[in-house]
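Line order of the protein sequences matches chains U, P, G and E.
For the first sequence, counting from 1, position 236 maps to 236 in the working numbering; every step adds exactly one.
Add 353 to the 1-based position in the second sequence for the working numbering, that's all there is to it.
Add 706 to the 1-based position in the third sequence for the working numbering, that's all there is to it.
Add 1059 to the 1-based position in the fourth sequence for the working numbering, that's all there is to it.
FYI, nobody ran anything at the bench for these hints, they're computed from the structure.
Be careful, since some hints might not be right.
[What the hints assert, rightly or not] Subject to a maximum C-alpha distance of 20 angstroms in a straight line, what follows is the list of computed PhoX-like cross-link-like pairs (lysine-lysine): (1) U:194 with G:900; (2) P:547 with E:1253; (3) P:457 with P:467; (4) G:810 with G:941; (5) U:104 with U:194; (6) G:820 with G:810.
[Stated by the list, open to error] Residues of chain U clear of chain G, computed beta-carbon distances all greater than 12 angstroms: (7) 66; (8) 112; (9) 121; (10) 187; (11) 196.
[Stated by the list, open to error] One side only, chain G facing chain U, incomplete, derived with CB under 8 angstroms: (12) 894; (13) 901; (14) 907.
Note that the coordinates shown come from a computational prediction; the quantities given were computed from them, not determined experimentally.
Glycine included, C-beta positions come from ideal geometry on N, C-alpha and C.
So the chains spell out like this:
4 protein chains.
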Amino acid sequence: MIKVGIVGGTGYTGVELLRLLSQHPHVELVAITSRKESGMPVAEMFPSLRGRVDLAFTDPASAPLAKCDVVFFATPHGVAMAQAPELLAAGVRLIDLAADFRLKSTAEFERWYKMPHSCPEVLAEAVYGLPEVNREAIRRARVIGLPGCYPTSVQLGFLPVLDPEAARVAGGDLVELDSLIADCKSGASGAGRKAEVGTLLAEASDNFRAYSVAGHRHLPEIRQGLEAVVGKPVKLAFTPHLVPMIRGIFSTLYARITPRARELDFQALYERRFAAEPFVDVMPAGSAPETRSVRASNFVRIAVHRPPDSDLLMVLVVEDNLVKGASGQGVQVMNLMFGLPEDAGLTQVPILP
Amino acid sequence: MIKVGIVGGTGYTGVELLRLLSQHPHVELVAITSRKESGMPVAEMFPSLRGRVDLAFTDPASAPLAKCDVVFFATPHGVAMAQAPELLAAGVRLIDLAADFRLKSTAEFERWYKMPHSCPEVLAEAVYGLPEVNREAIRRARVIGLPGCYPTSVQLGFLPVLDPEAARVAGGDLVELDSLIADCKSGASGAGRKAEVGTLLAEASDNFRAYSVAGHRHLPEIRQGLEAVVGKPVKLAFTPHLVPMIRGIFSTLYARITPRARELDFQALYERRFAAEPFVDVMPAGSAPETRSVRASNFVRIAVHRPPDSDLLMVLVVEDNLVKGASGQGVQVMNLMFGLPEDAGLTQVPILP
Amino acid sequence: MIKVGIVGGTGYTGVELLRLLSQHPHVELVAITSRKESGMPVAEMFPSLRGRVDLAFTDPASAPLAKCDVVFFATPHGVAMAQAPELLAAGVRLIDLAADFRLKSTAEFERWYKMPHSCPEVLAEAVYGLPEVNREAIRRARVIGLPGCYPTSVQLGFLPVLDPEAARVAGGDLVELDSLIADCKSGASGAGRKAEVGTLLAEASDNFRAYSVAGHRHLPEIRQGLEAVVGKPVKLAFTPHLVPMIRGIFSTLYARITPRARELDFQALYERRFAAEPFVDVMPAGSAPETRSVRASNFVRIAVHRPPDSDLLMVLVVEDNLVKGASGQGVQVMNLMFGLPEDAGLTQVPILP
Amino acid sequence: MIKVGIVGGTGYTGVELLRLLSQHPHVELVAITSRKESGMPVAEMFPSLRGRVDLAFTDPASAPLAKCDVVFFATPHGVAMAQAPELLAAGVRLIDLAADFRLKSTAEFERWYKMPHSCPEVLAEAVYGLPEVNREAIRRARVIGLPGCYPTSVQLGFLPVLDPEAARVAGGDLVELDSLIADCKSGASGAGRKAEVGTLLAEASDNFRAYSVAGHRHLPEIRQGLEAVVGKPVKLAFTPHLVPMIRGIFSTLYARITPRARELDFQALYERRFAAEPFVDVMPAGSAPETRSVRASNFVRIAVHRPPDSDLLMVLVVEDNLVKGASGQGVQVMNLMFGLPEDAGLTQVPILP
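Model the full assembly from the supplied sequences, consistent with the hints where possible.
Here's what the structure looks like:
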């Protein structure tokens, strides 16, 4: 059994980790920390866990994290990098669900997250935890920067058309790299379990809005990921919107197809690219995915379209922002790191309706 | 492996059976029928099942139901009783999620369901599938009439105060039997997956209403169940309301405490009654349960209250109407019928948020 | 034109007052205060008011409240009583939407609101602003304690059966006064526009729960109102529930009918009682009201039922908690105080769907 | 008073017309028809209209439509064109909320609506009822084809950048006309008040999906409108999505800015274009509009953005699909046709929250 600790267990990604890990056949939950709720049984805050999780929150200072095989950080940005060196020194592996180890450039990190990066040497060895791109590196990693929820869906949706090998076969880029668009829609759990007026039910339900239009923190992360794949600069417009629902991200991606690729079979391209992926489902041509088809599961479903009356490629991607967009991806990465079956603990069927 | 068939798989209880049974360690899904969708892969109608259920809907006429060990009927009222004799003759056991085998009186059935009962001899042997009341009879049953969603929550909530042994100890009834109240609230999936104006999102969301106020079909079923427990007539007002949510039933139950019982420890009474039950959770005194604490799980949670300034007992009960209120209870009953662990295939942690 | 000021305009009752008063034919909005948002144009916080309300929030200290004819307090409890003496001395009339002037007993106020009452002499002259009970006193009042949202619906629903004249005709009480039940359901705007985890969309949507089960502040207010009508003590169980919707209260009221009244025509009783009321609609026998039928309007709709198989009277009441339950009732009261048509500015048709 | 008839009053655009017209100072409602509900009081189907609309539905055959000054068709496609000649002959003016008189090409109509156009001569004189483009023609029209809900928002959002005069000043097109994108999101009332599984609350709430991805009927209408403005062909990808809310359309529009226009002040361009429009609100630079800011009102709000890291223009448009997207626009057009103030009966403040 792998000994697991969770730092910061009172938010949505924390309770989702608890849901997944408490059902995982190879995991022993050892500690879950919360400075504020220290001493409170976890199942008192989250009655859904009554009878399933017996732990109480412990203070981070006294939690036996150094005895864990792996520690998840489900904390605000900045916490993981503060604790990383000590835990690594103790032989513990780390999976950070926040942004501390996502951006390779500390300057970019500091620009978007408004705090200095205290730990560049750990950042240097950290692996970006997107299995569909970095599977082998993840297996060997000591530190994982887990992708953000939007970046997971946008990168998976654009991967096949940015693949250098596909471009080589076609004799050049398949799509114009200077006008990619990601029009993304997220449920309100993406904002976290924080007391805020903007995501109150009375504000956000029966309503639809865009937000962070002037620039969202996930933009540099997506760009970094896409550029790493294609090997040259890309320009991307990324517009997040808030949907009156709890879970789910729906990304509508647009790219202008280059003349050389207008006859290409994009459906086949996508199916080939993801044929071996356990959690990426390329739907049949003509499909319209919906977020509930992956609700509470680690699947991503993708549909590939050519809108009538245009030279555009349109890719529709659905994921559960708390599972494949966060905690489920964390478990998938942990499975890889510890040589377990990649889908261990992640075989739940989505909840519909 | 138990061979299972499902008749009528296109509704919500059908797809929920598929979700649960496709994850059940001791079940082989053999057939799922739909007259209308015959030939369509199940996962095409319900993409949440892609990669998990490979069956296609088959026409009821040609489905290999007679080779099953057990057949679930997730059909409109009247279907199960039409097919029961033939299947029973073939040695198949039946679990009906509709109302054909719930009411012991054919006259009551005909009054409330507006159709003749074609199968009184099967009805006579059918067992009402509420494990918390009828566990031993269920183990031996060939035919189960599975309780309705509301009746499950209301009966479980009233059981302890109607227990004859508790009354014997107290020297008489604990509550007045002529003025029970069940003020119940259900999510919209309770209305089924039927094209209807009243449960359209644009009608039913951001809205709250009572319905079937003049008399709901679950009233005689609840009354029959309560009277079977207490052994004498009861009077009950049952008011169903529609909540703008997908899953969940919340029952607020009121009973007037008799003078002899006003000092009784009802919390202890409830805890004792359900101590051995795997799916009934009596919450600590003072708790306020919420439907999401059981979302997509087979649990029922109960809180017992004495409202200030009154002689009333108030019991709050939450369940997922599609799980403990229907398909999950069906699986629980099947487990009992086939000598499996009672919670086999039913250990999923509720989905929160 | 009546000069109107609003103290505390950043909450839901404040913006609802702005919506109603900006369309009122006899009102001039003079000032709206907010300590925190001083200087910000109101329409910047609430874009729905762009082009309709040109005021900016002003600091309470410098707002020209003393020049108003009437000032509404849409503030937390305790603010109105602090400012009341000075404004009254300046000849301004006051309508408090909080609880400062609702409870006649300062001891009760202090028990439920956990603060001393600083202003008992103003409380003594304050009139409880429920027009259907106190219309004449309201016309002459200088200070109004406006009823809470739940108390409005519960009192209106019980009024006719507690009417002493009806009891006199029947030869005694129509219902048992020691076991009244108000099972109430409210949309999330009732919790106000405050940053809180419990009413986040991701917590409160697709969910249903009871709250304040051990005792809600509106209980003493409802009891005070009912006892004032019937002239003797009543016992009431009041259970509030949170509905995943924005606006609306649905109150399901139960009372046990006394033997003498079991043949009474309650439908006729209710119709007579409210025949002259401009904002109370007694629906035809057999109706099931829904909250959206009064959405964004000042109407209350009531349906009277005798549940089958019981000796209970059941009354269903719907209101918009922000209109008849708060700001609309405030405007209705203001109209009475200033001799305007009672429905001036309140003639909007409910929004459906 | 203008005598108004409504054909087909049982859907959402019908009841919204009733809400608006019953409050209109210059309108007398004369008849509202429904074949199916003939004889039923309108307020029985829509209790929100109790006390406000006294009419009953009448059979179309016997309704006094020929005595009306104007008749609205809130009917399925094909009904208006069948009745138009007779009513026009009687001197009645027509406003069709369906698609019969939107597309100038009968071939296009027949391709997208799968029925022959029976009335090309009336179509030839019909005016497309978008006041911001066709105000003068509307004043003189006898027959109006009212724009669809999506087309209203998309056309208003693209109008300023397609304006030939702006292109003349800039020396060429401001944006590339062959890659316009309209990523649109609509509430469920856009699907109408029809019994359908796909828009049930239990299907469509807590969910987000695209639909009609292979081609939506509003595509040719939008293209026709845009091409009429710019005077040359455009290519447009139009993707509709279903949002779990009742009312509201949010259109996220993207266009690639031509090199010549990259320094242009688009904010100023939009403000100038709509300066005189009573119902189009160009929000301040940097704004993020939300659908509730126009809920139940005839306003459209527009925000103009330049996404960072791109050469794209992004325009965000919000409207209430039942008001400016249908019935409210119908009333606005009627006001123009009859020389009334353009905002008569349309001055309601949006409902927030």
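Hint-by-hint comparison with the structure:
1. U:194 with G:900: holds (12 angstroms)
2. P:547 with E:1253: holds (12 angstroms)
3. P:457 with P:467: holds (16 angstroms)
4. G:810 with G:941: holds (18 angstroms)
5. U:104 with U:194: violated (28 angstroms)
6. G:820 with G:810: At roughly 16 angstroms apart (the allowed maximum being 20 angstroms), residue 810 of chain G and residue 820 of chain G satisfy the hint.
7. 66: holds (31 angstroms)
8. 112: Nearest chain G Cβ is 24 angstroms from residue 112 of chain U, so the label holds.
9. 121: Its Cβ never comes within 12 angstroms of chain G, the nearest being 37 angstroms, so this holds.
10. 187: With a cut-off of 12 angstroms, residue 187 of chain U comes too close to chain G, as the shortest Cβ separation is near 7 angstroms.
11. 196: violated (5 angstroms)
12. 894: Holds. Min distance 4 angstroms.
13. 901: At about 4 angstroms, which falls below the 8 angstroms cut-off, the nearest Cβ of chain U leaves the hint on residue 901 of chain G intact, so it holds.
14. 907: holds (4 angstroms)
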